[in-house]
Amino acid sequence: MSVANIIVDGKPYSIEGAESKNLLEACLSLGLDLPYFCWHPAMHSVGACRQCGVKLYKDEADARGRIAMACMTPVVNGLRASIEDPEARAFRAGIIEWLMVNHPHDCPICDEGGECHLQDMTVMTGHVRRRYRFEKRTHRSQDLGPFVAHEMNRCIQCYRCVRFYRDYAGGKDLDVQGWHDSVFFGRTEDGALESQFSGNLCEVCPTGVFTDKVQASRPTRKWDLRTSPSVCPHCAVGCSTLPGERYGELRRVRPRYNADVNGCFLCDRGRFGQAFADSGDRLRHCLVKEAGGQVPAPREAAIAAARAALSKPGAIGIGSPRASLETNFALRSLVGADRFFVAISDGELALHRLMRDVLRAAGRRVASPREAELSDAVLVLGEDVWNGAPILALRLRQASRNAPNETAMREKRIPAWDDAALREAVQDRPGPFFVASPGPGPLDECAEASYRAAPDDIARLGYAVAAFIDPTCPAPEGMGEEREALARRIASALMRAKRPLVVSGSGLASAALVGAAAAVLSALVAAGQDARICLVFPEANSLGAAMLAAGGLESAARLLAGAPEPAALVVAEADLSRAAVRGDGPSLMALAVATIVLDHSPSATSREADLVLPAATLLEGSGTFLSFEGRAQRFIALRPCEFPVQDGWRTLDELAAPGREPRSLDGILAAIASELPELAAIVDAAPPSTFRMLGKKIPRGARRESGRTSMHANLDPRDPDPRLDPDSGLAYSMEGAIAAPPSLLSRYWAPGWNSDQSLHKFQSEVGGALRPSAAGEGAEIGARIFGGETGRAALRELAFGGAGAGAPGIPAAFARRGDALLVLPRRFAFGSEELSAKSPALATRIPEPRLFICPPDAARLGLTEGASAEIRFEGADSVPQVLRVAISDLPEGVAELPWGLPALPGAPLASWAAVRPSKEAAR
Amino acid sequence: MLSRDEKERIEAEAGRYPSRRAALSEALMIAQEARGWLGDEALADAARELGISSASAESVATFYELVYRLPVGEHVIQICDSVSCWIRDGESILDHLRERLGVELGGTTADGLFTLVPAGCLGLCEAAPAAMIDGEAYGGLTTEKLDAILDGIRGRKRGDAAQR
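If you read the sequences in order, they're chains A and B.
In this text, residue positions in the first sequence follow numbering that gives the first Met the number 0: the first is 0, and each later residue adds one.
In this text, residue positions in the second sequence follow numbering that gives the first Met the number 0: the first is 0, and each later residue adds one.
What the hints contain is simulated information worked out from the structure, not anything from laboratory work.
The reader is advised that the hints may include incorrect statements.
[Claimed, not checked] Derived contacts from chain A toward chain B, CB cut-off under 8 Å, selection only: (1) 133; (2) 172; (3) 175; (4) 187.
Beta carbons are placed, not taken as given, at the ideal position from N, Cα and C, and that holds for glycine.
Here chain B stands alone, though its shape is the one from the complex (with noise of 0.2 Å):
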């Protein structure tokens, strides 16, 4: 169920366009905020509220990579694939997530607190390599930088960053 603050947004976002659909990634993002993931039945009742069908939200929804349809972590950490970042090694940087944090890409730790996905394209080619944690951008990572900034988040609540 969605809550009623959750319907209002949705239904501001629906009346900013002629046709309601044009509305659906916004209303995702939406139901997905409180929650930290959208499941099955969020996103049904997303796309109840905007009048189309659930099979069409579905398919915006495993669009877009910022839509999670499995629960994620406390922290979602996005590392950037580029081209860019790969020429600046982001792999190892990738490689070190994957160690320290025992987890393969598109997997949460064992502690719920991170869930490490790849991110297409960050926009942040001049910092390369970057990665992106709960919202906020990191450039020009090492591996020691990153650590100090897992150990920061560490103990920060989902949407600290957001709301900073």
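Next up, chain A with everything else stripped away, as it sits in the complex (with noise of 0.2 Å):
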């Protein structure tokens, strides 16, 4: 890294790492004010709205200086810049003033008001009377869907908005039409945005252009949004969220920057998926059977009622992958840990365990996202990581790129920040980023070679890859040439990389690919290579969920019918209906005495417990869940409980202990970590309760948010006391601490900076880690439960499948049984996971349930493309599923079922299926 003095406005400054940045962001890093439109933290400079101008002098004798683009120019020794200078602010002033012709002032009605960068930079330029009094230039607007409102007469032409959707998230149906002063930001005609990183032009959009539709439907001011610290609890990459509320009501999701994982952006699913928390049904009272069915109870019997049903022995509990490591942890002091079962599968749980071995043994070198993303060399074996885990993929959509930049910047001296030159430089050419799965899918257009196969010869290529990278490695038999010469190509690629990926997951429910993608591991580490792992679990905290639970629910169901005498079951925020075990599900609650469920929405399991306790969702809730990386992170409510709805772990540690204060966060959090100390790095995704900014907590409210005291008044019109936040650092008020540790910061503001633009002021440098608190905690957000050595034995057991454990092994060319298809699971990043699809934003976008089968297996099966088809699951005496039929380009002989929408819960993962034309009409 090299140092470079500068010199802006007769300062002097020391500026490092100077050969990665520009001169606007050295300025931001260094705390001064320059205003800018076009440069993006993340999408970097492309010099278009030459509002970031400055004087650049040539020397010490150099008065007079020429005018540049700051977000142009490239840091270097001795350079002499001034943004005081009468000559440039004048310059800026006039930018501003030809960029605010056409914009309509509408501030007021405007969604982005008090929030905009727009009005921010024009209040900084000193822009404050309008000269212009001729005719605007006016556009219609368009319907862009159920997320994004669309308000083009705001636009300054900054062109953001194309450079996020289309360049950097790979969207197709946003661009820019028109010219002159005529531009047009948009769609071809009317519809519903196809990316689903749509949601980011609500923050990309300096103005109001794009905005929330979801917010705007009860509009709200940043001011008076109270928000707090959270993690999106709608796939396993743990984005950092800040939900912000109103009158108890969730407003909006913003991105929370977090620099390992999510840095800037969030997937819509994340962005618009919450609403679950504020649905109609929600339970929010205890409820009790009777003969006529669930009825409201009072808390004090309802509680009773479950300690008298848990008293007798052999109690069992079933805790969840979408509940928090306090409350699965929680069921678990409370049934004992060989009674604590978690409701998925036994098959998907050995597979989690396995994913989870795999990470343990790789330690240092499981790649967090923002590993990923710098990495020159991806191989994804088998895991849609797209429908997945969104976030990860939009990392390894910019990863694809790095191998070519590099060259570019190498050989063209183009500077790693001047986006526009380098896309130009690279234009269509992929990076050695390969792709392996059964279908096609958006990042196939990043890769130098997809390859389609069923999930075991997805796992033979893997294997063969890693016998190439490391000869002592056993190698596939019979992969024939054309396999055999791109598995070498893919091996001399990531050996020649400097820093090797490779991808996969549990989405295909297949040990092999976990297997093949542990050994390329071990041989990358065996070569000597600096590389990368990344395994996508299917859920917020499903690792988290691994490391506790004994088993599945087929190993639950095997305790509960062979105990001496019937026992209660306990289900903690899971609808048993949904997993992938057939029939296991209404037999496990059969074979309970009672059946106690705490959640926070109802499901097909809650609306047949026999007592029902409401539980806290992570809005009103604190926690910690296990992202796939093992990352802990802590989220903090938003809003208090209202009773008698409470976190689940503090409703089951009030029925572990009777008489005993149920523990409060801490007190939870110390026992995991002494209990298990695998997990012990827990208590440090976040300061304590008791953590203090000189003495205050840290505000969810603004310092200005309106209405405080008032706001309850039609209930009571005194002055609410406070509520109090027992189990962090943060208050139910507008006043505490000004500042707050990464971990614990509830929103981005600065004098001046009113936007999510003021981000650069709470970062060390600008596109860099969250400044560290004066309190001394981490900048990094959560703890790492991996990061040992890697275990290059262990891994290569895991892989091979040693002493019993682990992968089973290089698996048999894939072949066709008979007429069987066999059906693998296909997730849609809307509807496939439980909570978002209850969202009724995103439930307008979830896709009518399809089989996928290829054209072959189509003529065969005398199907065609919308024709029903019945689909009989081997081993399973169910009904079978009837269904209309996509024709996909999928390898012959594998078909794919859409798995968890809410019209198809319970789909069994990747099985065999006998697939016929049906009469009958598909749901």
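Two chains, two frames, a set of hints: combine them into the complex.
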């Protein structure tokens, strides 16, 4: 890293890592205010808007200088610049006056008002009087679907929307139209934005062209929102979020900057999925089953009934991959470690444990999403990252450009931040990026080569790659010339790379794929490569649940069936009917003498329960999720629980120890750390509840929050007592500390910087990690539990199936089984995840369930696009499913069935099935 | 639907570049040629030929003034509105055209014969004021000269000028 000594407005500064910075980034990192529009911390410079013009001077003798764009100026030793120079100031004032010529000045009715980068820059530049007195150009705005509202008249043509949507996220249906002073950013016609990253336009747009349509239904200014640091519950990536509420209602979810996980962005499932927490059918009362059905009951009575049911020995607990570590652990403590299970099938749990073991052995080579983005060669083995872990996919999309970018930087001497020049130089040339999957997906366009095959054949490709890298690894037999050539090509690309990455996961329910990924990693490590691995789990806390559970649902049913006397069943935040276990969900409940369900949202399971205890969602409760990389991250309640709703872990702890006060979050965390040393780091995921900044708690409200004392005047005109938060260092208040450590940061705001672009005021340097607080907390958000030295021998054993543990080893080539098809689960960004599917905005984007089959199989089975097909799973005695057929580019003998859609819950994962035309109409 | 001939011509253009996308402007002009203008369907068809999205093709189509996204008349009159023509009183030529044809810029005469559009610069500054009609350039325009030209064109089929 080079250091450059520069002079800005006569003051000397020393800039570290100067070769990768431009002058705008350097100035912002120094805390100097310099207005800009087209530059973005994740998308860098194009030099389009001309707003960041500064004076540059040749040397000490140069008094005249010349105006140059700071965002296009490399930081070199001896650079002399002036922001405050009168000519530079006049230049910037002129630019903003031009940009504002057509702007409608409709701030009072604009949803961006109060957190608008354009407002901030206009004020910063001193443009206070409009001289333009002619007609403004106007546009007809479009209906862009349920997520994003469009008001083109506010546009200042910075191009950030298309640079994000099209270039950064690979969207195809939003582009720029027209020219001159009639430039339009939109779709060719009205319609929902197709990209699952569309919500980011709300922050990427510096003004109110693209705004959050869900928030607009109940408009709330940023300063009136109470916000708290949270974690997205809708997949295993664990993006940091900043939900905001007003009058107790969730108004919006925004990305919270986390350099290691999601950076500046969030997918639409994460942004628009959390409305489930405000759903009208939320479980808000204790329910007791009586002859006529479930009826509300007082909490004391319900707790007494639960205690009575649990007083008999042998109760069994079913935890959940969507519940916090704390709730799972409290249930485990209540029923005993050997009677605590998780609401997934035994097969899934075995796979998740294998993945845990691989991550454990990989240690420090487990890639964070940021590390994944820094990779310069990627092999994706089977996993549909795009739909299963969207933000990881967005990061991988950027990774695919690293190698070609580095070549262009070296050969054409283009700086890393010069986005337009790099894209021009690289064009569509893909880097060493390989995608092996059964069907096509959006990451294919990033790939040098894609390989379409059944899971076993993809695993064989992985094993063959490992054998080419490390000849001591056994190689699969009979690969055929073509596949062998592909494996060799991938192997040499991974070996040429500086930071190779292998990605797989549980998406196709294949242990062989996880084994193959472990084999590739172990081979790369053996060859001395600085390699990394990502294994994608299905849900927010799948890894955490796998680390606590004694078994899956089949094991639970066996234990319950074999018990000497009937025992009770406690289910925490899970719908047993969603698990990929055919018929076992209801039978498990039938085996129990009584079923107690703790949940926040109703499900097939809660509706059958004898007793329902309402639990907090992550918006009213606090807890910890363990992400797919083993990063423990704390979510902190946004709003207080309304009696009798309570954190699941608190209720369970209350049941576990009658007479004793339930433990606080800190108490549960300490218990987890002492009982499960591997999870000890979760205590450090965020500061404890005793945390204070200079003696003060961190406020959830902004200092200018309005209506605080009159908000509940309809109920009680007196000023309400502030609600207490016993579980975190945050307060339900607008008063308190003015700074916060990164993991407790509840809002971004700085004087003069009201929009999210104030982020740089919280970073050590632009684009980097958040600045550690004076209280000594680290810069990293969350704490990783994996990080030791890589156990090469252990990895290899897991990959090739050593002493009974690990993957099954190299599988045989995929072979069709007569007329049967191997039906694989296909995940959808919208609909496959349980909680987000309940969000009204998101529900409109859930696809109709279809059976995906390839043209030859369709022809053989006499099926055409849209025809009804009957699917009968092998070994299942349940009613066959009837679905419409969609012809898809899949390998012969392989079909795909949507997984987890509300209309189609509980489908088995990767099962053989007989498929034939059906006369019955499809659902 | 694009004709086989159009598809073949687009394919030939695509073969000339390392990236198929690079042939987009040619593809749009090929698709426009027979139709006189480029409708939504023709635009989408041309984009599909090159494997790019309609939005991306629209972006290029709406950038170039020679791609007509709305129906045009039998003959397209491009009147230069650059600075040289303005200095040489091009505005009076434009006013005359407006009056004679009874349309504003961007409009098509009721009989569907003429469409009047502005051109950024025709590169005919030495012969300003200038116009281009059906691809043929006319310089040193006066209202009389323009009337004579339009009288001569009336009745001619589209493309006649280009073929000559």
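Hints, verified against the model:
A distance limit of 8 Å between C-beta atoms decides the matter here; for residue 133(A) the minimum to chain B is near 17 Å, and the interface restraint is violated. Among the interface hints, the one on residue 172(A) holds; its C-beta lies about 5 Å from the nearest C-beta in chain B, closer than the 8 Å criterion. The beta carbon of residue 175(A) comes within 5 Å of a beta carbon in chain B, closer than 8 Å, and the hint placing it at the interface holds. The beta carbon of residue 187(A) comes within 5 Å of a beta carbon in chain B, closer than 8 Å, and the hint placing it at the interface holds.
Of the numbered hints given earlier, the model fails hint 1 alone.
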